[in-house]
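2 protein chains.
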Amino acid sequence: MADSSSLDALVEALRRLPGVGAKSASRMAFHLLQHDREGTLMLARALQQAASNVRHCERCNTFTEGQVCSVCQDARRDGTKLCVVETPADQAALERTGVFRGYYFVLMGKLSPLDGVGPNDIGLAKLFARALDGTVSEVILATNFTAEGEATAHVIGDALKQRGLSVTRLARGVPAGSELEYVDLGTIAHALVDRR
Amino acid sequence: MADSSSLDALVEALRRLPGVGAKSASRMAFHLLQHDREGTLMLARALQQAASNVRHCERCNTFTEGQVCSVCQDARRDGTKLCVVETPADQAALERTGVFRGYYFVLMGKLSPLDGVGPNDIGLAKLFARALDGTVSEVILATNFTAEGEATAHVIGDALKQRGLSVTRLARGVPAGSELEYVDLGTIAHALVDRR
Ligand SMILES: [Zn+2]
Ligand SMILES: [Zn+2]
Numbered sequence: 001m002a003d004s005s006s007l008d009a010l011v012e013a014l015r016r017l018p019g020v021g022a023k024s025a026s027r028m029a030f031h032l033l034q035h036d037r038e039g040t041l042m043l044a045r046a047l048q049q050a051a052s053n054v055r056h057c058e059r060c061n062t063f064t065e066g067q068v069c070s071v072c073q074d075a076r077r078d079g080t081k082l083c084v085v086e087t088p089a090d091q092a093a094l095e096r097t098g099v100f101r102g103y104y105f106v107l108m109g110k111l112s113p114l115d116g117v118g119p120n121d122i123g124l125a126k127l128f129a130r131a132l133d134g135t136v137s138e139v140i141l142a143t144n145f146t147a148e149g150e151a152t153a154h155v156i157g158d159a160l161k162q163r164g165l166s167v168t169r170l171a172r173g174v175p176a177g178s179e180l181e182y183v184d185l186g187t188i189a190h191a192l193v194d195r196r
Numbered sequence: 001m002a003d004s005s006s007l008d009a010l011v012e013a014l015r016r017l018p019g020v021g022a023k024s025a026s027r028m029a030f031h032l033l034q035h036d037r038e039g040t041l042m043l044a045r046a047l048q049q050a051a052s053n054v055r056h057c058e059r060c061n062t063f064t065e066g067q068v069c070s071v072c073q074d075a076r077r078d079g080t081k082l083c084v085v086e087t088p089a090d091q092a093a094l095e096r097t098g099v100f101r102g103y104y105f106v107l108m109g110k111l112s113p114l115d116g117v118g119p120n121d122i123g124l125a126k127l128f129a130r131a132l133d134g135t136v137s138e139v140i141l142a143t144n145f146t147a148e149g150e151a152t153a154h155v156i157g158d159a160l161k162q163r164g165l166s167v168t169r170l171a172r173g174v175p176a177g178s179e180l181e182y183v184d185l186g187t188i189a190h191a192l193v194d195r196r
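Those protein sequence lines, which keep their order, are chains Z and D.
The UniProt record's numbering applies: residue 1 is where the first sequence begins, and numbers increase by one.
The UniProt record's numbering applies: residue 1 is where the second sequence begins, and numbers increase by one.
Some hints could be false.
Copies of the same chain look alike in the list, so a pair counts if it works inside one copy or between any two.
[Claimed, not checked] Derived pair list, reagent style SDA-like, types lysine to any residue, alpha-carbon separation capped at 20 Å:
no., residue 1, residue 2
1, Lys-23, Leu-185
2, Lys-23, Ala-75
3, Lys-23, Ala-9
4, Lys-23, Glu-38
5, Lys-126, Val-155
6, Lys-81, Ala-25
7, Lys-161, Glu-12
8, Lys-23, Glu-181
Just so you know, the hints here were simulated from the structure itself, not pulled from any lab data.
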């Protein structure tokens, strides 16, 4: 963009962010260096802190900074119910309904054969070990109602039924083709109650 | 998003980027931590490097790492012509036409009274000192053909004409309402030749 290899390197690094092309990256770099040097250093520090502190919960696989996240540490929850979601944002959407009081497993992705994302890439072995702890009796599949989310639910559901667990799916009160994160709370709450 | 204050801080820092809202920031943080830890650290380093290395050229005000940028150091250029642009990206668009062989001054912004951006905020004093170096005889105003770019050109043009300089504007071959960065090279080249 200008006479600076540091600036070029910054634009290249910003392009690694999802949804950021060459023009957006240039505009971001210009904004940071021209108008927000404080924000530039703040973002640099936040990235480093997150990269060194954020790990996966040993039980539910979500992002956390300890060995086990606060939800998994909450002993008042119902250990017989395990809800499987794709991302922390989906888990947060379910939590906001206040309807579900069991535990979660966060896949941190979904099966996506076309993109080369198979069972090993989304930690299904870790899920199966968690679901077969002897306490869980019902696994609620709350993956998104997209083609990939449905396929993921299908694969997980088949495997867990074979191992003797009761497997349910969020009721199709959730509009088909949508992503949980963007669905209103009432619809999600209703779908939880009507799970089948 | 999840059980991590480092993650929350990262999402907040990403929201300072232009055009990035809460949802985008969450998705970016998720992508970086789940799929691109290497990119996370690369971006952190690039931000720090740019923040400490990038400064403004003493002559033309663009981003550079030395005192004077490579364009200003190029002695083969025509010192009688000075082209005023809003941003380094606009300068790059003009350079790609190969038509202009004078020097530049980069405002790093534009007058925008509604946003509280006045003459002191875009370094007009630095421009006037540069334009009145005794060698410059023609100042070509190549600010964008938006309302703010036109107003900026008007203010600069009036001031420099009063100081005895010849002032021209890119010909209106450039479609009104558009930004230089997105205009095709032929149109920009034509507008340079037809400057008035
Ligand atoms: Zn957990
Ligand atoms: Zn320069």
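To see whether the hints hold, each was checked on the structure:
{"no.": "1", "hint": "Lys-23 <-> Leu-185", "in the structure": "between (36 Å within a copy, 17 Å between copies)"}
{"no.": "2", "hint": "Lys-23 <-> Ala-75", "in the structure": "neither (49 Å within a copy, 31 Å between copies)"}
{"no.": "3", "hint": "Lys-23 <-> Ala-9", "in the structure": "within (14 Å within a copy, 26 Å between copies)"}
{"no.": "4", "hint": "Lys-23 <-> Glu-38", "in the structure": "neither (22 Å within a copy, 23 Å between copies)"}
{"no.": "5", "hint": "Lys-126 <-> Val-155", "in the structure": "within (15 Å within a copy, 66 Å between copies)"}
{"no.": "6", "hint": "Lys-81 <-> Ala-25", "in the structure": "neither (44 Å within a copy, 31 Å between copies)"}
{"no.": "7", "hint": "Lys-161 <-> Glu-12", "in the structure": "neither (47 Å within a copy, 41 Å between copies)"}
{"no.": "8", "hint": "Lys-23 <-> Glu-181", "in the structure": "between (28 Å within a copy, 9 Å between copies)"}
When the structure is compared with the earlier hints, violations turn up for hints 2, 4, 6, 7 and for no others.
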